[in-house]
Amino acid sequence: MDRIPILKLGGVLIVTIQVDMHDRLALALEEDLTAMIVRTGARGVLIEISALEIVDSFIGRMLVSIAAVSRVLDAETVVAGMRPAVAITLVELGLELTGIKTALNVERGMALVQAGLSEEDDGHGSDRGRYED
Amino acid sequence: MHGAELLRKVVVDDAGGIRDAWLAILAAGMTAHGGRAREGELRTQAGIVVSQLGEGLAAGDLDADGSGFAPLRETLADISRSRALQGFTPTDTANFVFSLKEPVFEALGRACGSGSPDLATGVVSAGKLLDRLALHTMETFLASREEVIGRQGQEIAELSTPVVRLWDGILALPLIGTLDSARTGVVMETLLQAIVDEEAEIAIIDITGVPTVDTLVAQHLLKTVAAARLMGADCIVSGIRPQIAQTMVHLGVELNVVSKATLADAFAVALRRTGRKVVRQQAPTEERR
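As you go down the protein sequences, you meet chains E and P in turn.
For what it's worth, our numbering labels the leading residue of the first sequence as 1, then goes sequentially.
For what it's worth, our numbering labels the leading residue of the second sequence as 134, then goes sequentially.
In case anyone wonders, no lab produced these hints; they're calculated from the structure.
Incorrect hints may have been included.
Simulated pairs of lysine to any residue, SDA-like, Cα-Cα distance not exceeding 20 Å [unchecked claim]:
#1 P:356 to E:95
#2 P:356 to E:61
#3 P:261 to P:204
#4 P:356 to E:100
#5 P:356 to E:64
#6 P:356 to P:316
#7 P:142 to P:174
#8 P:356 to E:85
#9 P:356 to E:84
#10 E:101 to P:297
#11 P:393 to P:344
#12 E:101 to P:332
#13 P:356 to E:114
#14 P:356 to E:96
#15 E:101 to P:406
#16 E:101 to P:407
#17 P:234 to P:256
#18 P:356 to E:57
Okay, the calculated bits of chain P under chain E, using three or more residues with CB under 8 Å as the criterion [claimed, not checked]:
#19 254–264
#20 316–325
#21 363–377
Nothing here was measured: the structure is a model prediction, and the numbers come from that model.
The beta-carbon is built from N, C-alpha and C at its ideal position, and this holds for glycine as well.
Please construct the entire structure, taking both the sequences and the accompanying hints into account.
Here it is in structure tokens:
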């Protein structure tokens, strides 16, 4: 498998990682995703990693850098479905993915992305402050 | 005569005498220590040990670690293991082997006659052999005790990290006792697994039972919070006692997470965040049942 497929659903790009990530695959994903955001004008990115069992510092850093690139292109990244073992590993590696939103599963992740989109639409910032005290 | 040969001759020929004298000593020591071992059991054990000692010597060497003594070492290991579990003192257990010296020396004396140069050789060989066997017994004893302690430690760790489901999607983790890195690992794993199982949005970590919070404990707490966040759950830390709050500020420890003074406050915040609230059904002035 050479590429990880990127699906477009409304204004959101969905990536599900179903294979073990190796470095080249991660780099290709970042490139594809960046190009896709620019081409479709997507405002949200949902990365689903519930099938991802092994992470190293490189993959962790790739997640951070994908999120950073997306933010530059005005799309918000949500990582969904991280496994406990992966979370522990990332924390032990000192990669706490600050600045990336997280969700327990795809459903909640999608809700989080949509909330971010609708919030910008009405222009009032509504209830976000309540969630970040 | 060679030491091993002499010793074998004495132990095999005088097995009954040695065993009976040994039992007498053991029985005397036993009453002094409250008589934990049953006499019948002791008699069987003594019989087996003396006969296996003879078999080991028959193999022709005096090396207690050699293959000839393997069955005897096994027997002694079994005895000391069961004694460790029954709560015998180390002295009792060591004396079990050490008290065998006296009857063996006496039997040597009877066989050689006093003043014989063989007697000295025999006593030295027997002393060496029995000391080594006693050491082996103690090693097994200590290993068994450590095993018991290790198991208890693990049980305590498991008992003291329960994850409680307070409401749909709200978990509480009441921490009791000091947080070290080993325990933090267990806590983290239990909490994260519970978050997955319960599909929790909010986890409340209550540290009322944590005696002190220093920089290390704070770091462990923050790790747990960060891991839970990666899973998509928010954490609230509650139950910080006044003294602990002061100590933390003096030490310069900063918990960059939402913290509340009591579990009740944290629960109220969690309910509000998940779009619920607690209301009183009756006004407080009305008649209570």
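Subject >> Ascending list of hint numbers which this structure does not respect >> reply: 7, 10, 13 and 19
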